[in-house]
Amino acid sequence: MSLVTPSGMSRRHFMGHLAAGAATLPALDFISHVKANAADLKRRQKACILMWMSGGPPSIDIWDLKPDSKNGGEFKPINTKGDLQISEHMPKTAQVMDNLSVIRAMSTREADHGRGRYYMHTSYVPTPTVVHPAFGSVVSYELGSKRKDLEIPAFISIGGGGSSPGFLGMTHSPFLVNGTGQIENSDLGGIGLDRLDQRLRMLGTVEDNFIHSQRGESGQSHKDVYVKAVNLMKSKQMDAFKINEEKKEVLDAYSGAPAQGGMMGGGGQFGRSLLMARRLVEAGVPFVEVDFGGWDLHANVFQTLKTQRLPALDAGIAALTTDLKQRGMLNDVVLVWMGEFARTPRINQDVGRDHWANSWSVMIGGGGLKGGMAVGETDKDGISVSSSKSYQPGDVWATVAHALGIPLDTVHKSKNGRPMKLANGGTAIQELIG
Amino acid sequence: MVLGMTTMNFTGWQGLQTRFCRRAMTSGGFTSLVVAAALTLPLANVGASESFTTGSSDVIIQEINSQIRQTWKDNEVEPSPVAEDAEWMRRVYLDVVGHIPAVEDVEKFLADKDKAKRTKLIERLLDDPGYTRNWTTIWTNLCIGQQTPRRVSREGMQKFFREAFGKNRPWKDVVSDLVTAEGHYEENGATNFLLAQMQDQDDGAQMTAKTTRLFMGMQVQCTQCHDHPFNDWKQDQFWQFNSFFRQTAKVDHRRFDQKTGRMVDDYSEIVERNFSGPVYFEKRSGLMKVAYPAYFGTEVNPDESTDRRKELARLMTAGERPMIAVAYINRLWAHFFGFGFTNPIDDISTHIPVTHPALFDRLGEEFVKSGYDCKQAIRWIANSEPYNLTSRTTKKNARDNPAIGEAALFTHVYVKPMTAEQLYDSLIIATNAHKSGRSGWEQAEAQRHTWLQKFVQTFGTDDGGESSSFDGTIPQALMMMNGPLVQDAVSVKAGSHLHELLTGKGSENQKIQRLYMTALGRMPTRSELGAAQKFLNNSHDPLTVYQDLFWALLNSNEFIINH
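Going line by line, the protein sequences match chains A and B.
Reminder that position 177 of the first sequence reads as 182 in the working numbering, one-by-one numbering, no gaps.
Reminder that position 399 of the second sequence reads as 438 in the working numbering, one-by-one numbering, no gaps.
Calculated from the structure, these hints are not laboratory results.
A few of these clues could be false.
Result set (DSS-like, lysine-lysine): computed pairs, CA atoms no more than 27 Å apart in a straight line [claimed, not checked]:
1. A:228 with B:573
2. B:249 with B:349
3. B:493 with A:228
4. B:550 with B:532
5. A:151 with A:241
6. A:153 with A:247
7. A:153 with A:239
8. A:233 with A:51
9. A:426 with B:322
10. A:418 with B:249
11. B:328 with B:349
12. B:152 with B:550
13. B:434 with A:228
14. A:418 with B:152
15. A:247 with A:233
16. A:426 with A:151
17. A:75 with A:394
18. A:239 with B:493
19. A:241 with B:493
20. B:493 with A:247
21. B:159 with B:493
22. B:322 with B:206
23. B:493 with A:233
For each label pair, taking beta carbons as the anchor points, the in silico distance ranges come out as [unchecked claim]:
24. B:114 with A:150: 35 to 41 Å
25. A:86 with B:290: 50 to 56 Å
26. A:412 with B:390: 29 to 35 Å
Where is the CB? At the ideal position from N, CA and C, for every residue including glycine.
Hey, can you work out the whole structure from these sequences and the hints?
Below is the structure:
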């Protein structure tokens with residue numbers, strides 16, 4: 006692995022260090038100094054971690070409680086360090102809410118899992134004429150391509166299904182990993198580096214012949230992908246996936262204290278995935294999506310939330326926020342929490358909540374956005390947005406784009422030449438960026 | 040004499056075998072069957088001759104040749120030379136039966152002196168079980184997607200297409216069955232096409248859009264919400280068309296499972312439901328409107344007594360050149376050439392230019408006249424001159440590049456990446472696993488399915504199966520480089536193909552040649568041979584050199600890109 010030249014440093018600056026450093030420091034110290042410097046710069050790179058609650062989480066029981074309504078259910082709100090209340094089952098998160106805000110006036114239109122997932126990921130309603138990129142792919146395209154020393158993919162999705170890079174092309178598709186961080190087929194399968202090298206040299210001969218055979222671009226594209234795959238196999242940055250390198254206390258904090266019966270409902274997994282996300286962001290990955298499922302609570306909603314979903318969610322969000330803050334990264338890393346929609350304010354006969362897109366909440370924080378706020382509000386029963394403005398996924402992603410420094414007037418072109426506005430032309434939410 | 044002819048016929052790029060031949064002539068040491076095969080010439084009439092033939096002399100093939108030639112003339116381009124046998128053979132195998140040829144077949148074909156050997160090979164492939172399997176795969180993916188939607192039977196859909204292609208059923212009967220299907224999804228596999236379009240409660244919008252797009256080559260989906268911005272489709276037409284599907288309903292059956300004591304999914308079926316009169320839709324202005332069933336202006340009785348899907352099927356399959364014939368020809372042409380008469384192939388309308396309008400019309404008509412004979416349509420295309428050209432461009436036709444939006448002129452065959460299925464089945468052929476008989480059919484199918492699912496999962500899911508080819512994701516590259524399938528392929532365990540080959544008789548050169556023939560269906564060039572020899576000379580473990588060479592060949596762009 007070659008020594009990374011910090012991108013924020015001019016050559017003269019670098020040489021200056023070299024001269025001064027050589028006089029005073031032993032060589033080894035100097036190298037570790039430069040490495041630390043590079044690591045520090047990477048840490049300050051902008052990134053987004055999306056916590057994707059697949060199934061559709063009941064935001065009325067988490068972020069926007071209605072204790073005085075028949076729709077309110079069993080949970081009570083508690084005060085937080087921010088200027089808003091959240092669920093009593095989110096006590097650890099309450100302690101970091103001064104860093105996080107809740108958009109309480111989401112009003113989206115898709116209450117089907119597939120369509121909602123597409124809409125919230127891309128800001129566009131699904132249409133058979135074009136496939137829109139998930140916002141992670143947009144970030145990969147806009148930021149990932151510029152990070153020359155990033156050897157691993159710029160959009161990594163942990164534990165979830167894929168989303169399409171659409172017209173941005175396969176380079177920007179999410180790189181799927183499971184929660185263990187083991188990348189399938191990424192080891193050499195028992196052969197040494199010298200053998201790999203021999204194989205690659207032989208491959209080069211055949212590939213180059215085909216590339217020069219006047220058959221268009223696809224031969225070269227194939228080679229490009231292989232180069233990337235080999236870089237990935239050899240990259241030190243792959244260490245970012247190894248969460249077991251972390252101290253036990255850190256792992257425990259992310260996972261929450263082991264509940265009775267061990268890591269219930271995959272809760273420990275969510276925390277571990279968030280920890281991996283932090284490590285990836287630290288390595289320079291600009292977009293990480295962490296999947297946390299089990300929210301399609303048509304029945305028995307309160308019991309499931311209380312004992313399984315919320316303890317894991319609470320521990321994970323609190324640990325991640327605290328960890329990023331301690332590492333000085335929170336101002337550069339945007340956290341977004343959402344699902345494909347939320348759940349009905351009305352409680353059904355199975356003590357469950359059904360699909361609901363009309364009035365719900367998304368949590369967002371970090372990245373220099375204002376924390377501790379509730380943006381917008383819903384009426385007393387939670388059945389409609391009562392503030393003057395309601396928000397679409399495009400507005401959430403425009404806010405993220407603003408925090409990441411991606412110009413909001415960016416326009417991409419679909420394969421058939423149609424201009425596609427960033428985040429479907431959404432606007433950054435003024436209260437959060439103000 | 041052989042060398043003389045070769046030199047005369049090859050100009051410019053066509054050096055692979057030529058160079059090798061020279062070497063063979065001068066070194067004098069190569070007399071194996073493999074070498075003899077390599078010396079076989081491409082057809083004598085390479086290049087700009089007007090009398091190209093594969094050995095078949097159908098009048099429609101001649102029509103294709105002359106109309107395509109006319110556009111070359113009109114556009115002042117020249118065709119690429121005729122493909123060498125090795126290149127063409129690999130392509131026609133992939134296109135017709137969905138996998139590369141086995142090395143023994145390559146050797147036989149290259150050694151064959153019969154002037155009609157190309158057309159004979161086409162006939163043989165059309166009769167091969169691989170034909171049915173390949174087209175079953177293609178149409179199953181098109182109809183229900185790569186990943187089976189909920190409450191759809193992939194087996195049922197495959198069974199339906201296996202029979203359709205196995206018996207070479209007329210395409211119009213196939214379409215008619217799919218559009219009118221009713222009943223149990225395994226007993227009547229045709230139902231799965233519509234079941235797959237009934238995932239959302241969308242008033243049949245997806246059924247409408249998919250049926251028109253897939254079978255008629257018309258993209259009407261945006262007219263669900265507004266008039267089409269470019270073509271003649273209006274919003275009310277979408278809903279008129281849609282109203283044909285409104286008598287369709289599905290029933291998802293569940294059953295009690297003794298073991299678990301729970302209700303579990305059983306079969307699904309399509310049933311008719313009572314529906315008469317108009318459908319309602321909303322204009323952008325918010326105005327509600329009505330639409331009655333009508334097919335391109337032909338109105339259908341909207342009473343309950345009408346079986347609307349039967350009426351639709353009747354109208355779709357009527358006439359001298361219905362859209363289903365034209366759309367099928369376009370899809371088939373694109374399957375073989377890489378591009379169709381329109382781009383995209385499923386948008387045949389006034390706002391998309393047609394590259395060869397007269398030929399396109401003619402082929403549609405002839406397809407109908409043939410009785411919608413799918414094999415016959417393949418004969419016309421595969422025996423045509425343009426399909427027999429090389430995929431390499433020349434200076435005289437480099438600008439014929441439909442990938443950047445130019446109208447396709449078919450001066451050469453455009454390359455296309457293998458689909459996931461082609462890749463898997465080709466790897467099996469290259470490693471001789473199909474002959475080892477190590478596992479039974481069912482087990483082999485299960486392994487294939489698992490591999491394909493993994494390969495496909497490395498993409499974001501997309502509609503229609505057209506994303507299933509190698510389009511460059513890192514996980515796919517990793518799967519090819521380090522995955523168990525290729526690991527097995529390069530294994531030198533006793534009984535493996537590679538072991539057999541390497542412990543058999545033959546010189547180092549012959550072994551290298553055979554690896555090339557096995558993976559790429561061609562002989563190595565002189566420089567490739569030299570490079571491999573160098574590796575052998577520098578190694579004290581020749582076995583690993585062969586292993587690594589085979590690995591490199593299977594992982595190469597030349598392997599995975601159908602050219």
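Hint check:
1. A:228 with B:573: Since the Cα atoms of residue 228 of chain A and residue 573 of chain B sit roughly 23 Å apart, the hinted pair holds (cutoff 27 Å).
2. B:249 with B:349: With a Cα-Cα distance of about 17 Å, the restraint between residue 249 of chain B and residue 349 of chain B holds, given a limit of 27 Å.
3. B:493 with A:228: At roughly 21 Å apart (the allowed maximum being 27 Å), residue 228 of chain A and residue 493 of chain B satisfy the hint.
4. B:550 with B:532: 17 Å, holds
5. A:151 with A:241: 19 Å, holds
6. A:153 with A:247: Cα-Cα ~23 Å, so holds.
7. A:153 with A:239: 16 Å, holds
8. A:233 with A:51: 22 Å, holds
9. A:426 with B:322: 25 Å, holds
10. A:418 with B:249: At roughly 25 Å apart (the allowed maximum being 27 Å), residue 249 of chain B and residue 418 of chain A satisfy the hint.
11. B:328 with B:349: Holds, at roughly 25 Å.
12. B:152 with B:550: 25 Å, holds
13. B:434 with A:228: 24 Å, holds
14. A:418 with B:152: Measuring from Cα to Cα gives roughly 52 Å; hence the hint is violated.
15. A:247 with A:233: Given that 27 Å is the threshold and the Cα spacing comes to 20 Å, the pair holds.
16. A:426 with A:151: 20 Å, holds
17. A:75 with A:394: 25 Å, holds
18. A:239 with B:493: 23 Å, holds
19. A:241 with B:493: Status holds; Cα separation ~26 Å.
20. B:493 with A:247: 23 Å, holds
21. B:159 with B:493: 37 Å, violated
22. B:322 with B:206: This hinted pair is violated, its Cα atoms lying about 46 Å apart.
23. B:493 with A:233: 20 Å, holds
24. B:114 with A:150: 35 to 41 Å: With Cβ atoms ~37 Å apart, the hint holds.
25. A:86 with B:290: 50 to 56 Å: For residue 290 of chain B against residue 86 of chain A, whose Cβ atoms are near 54 Å apart, the range 50 to 56 Å holds.
26. A:412 with B:390: 29 to 35 Å: 33 Å, holds
The structure fails hints 14, 21, 22 (numbered hints given earlier, in ascending order).
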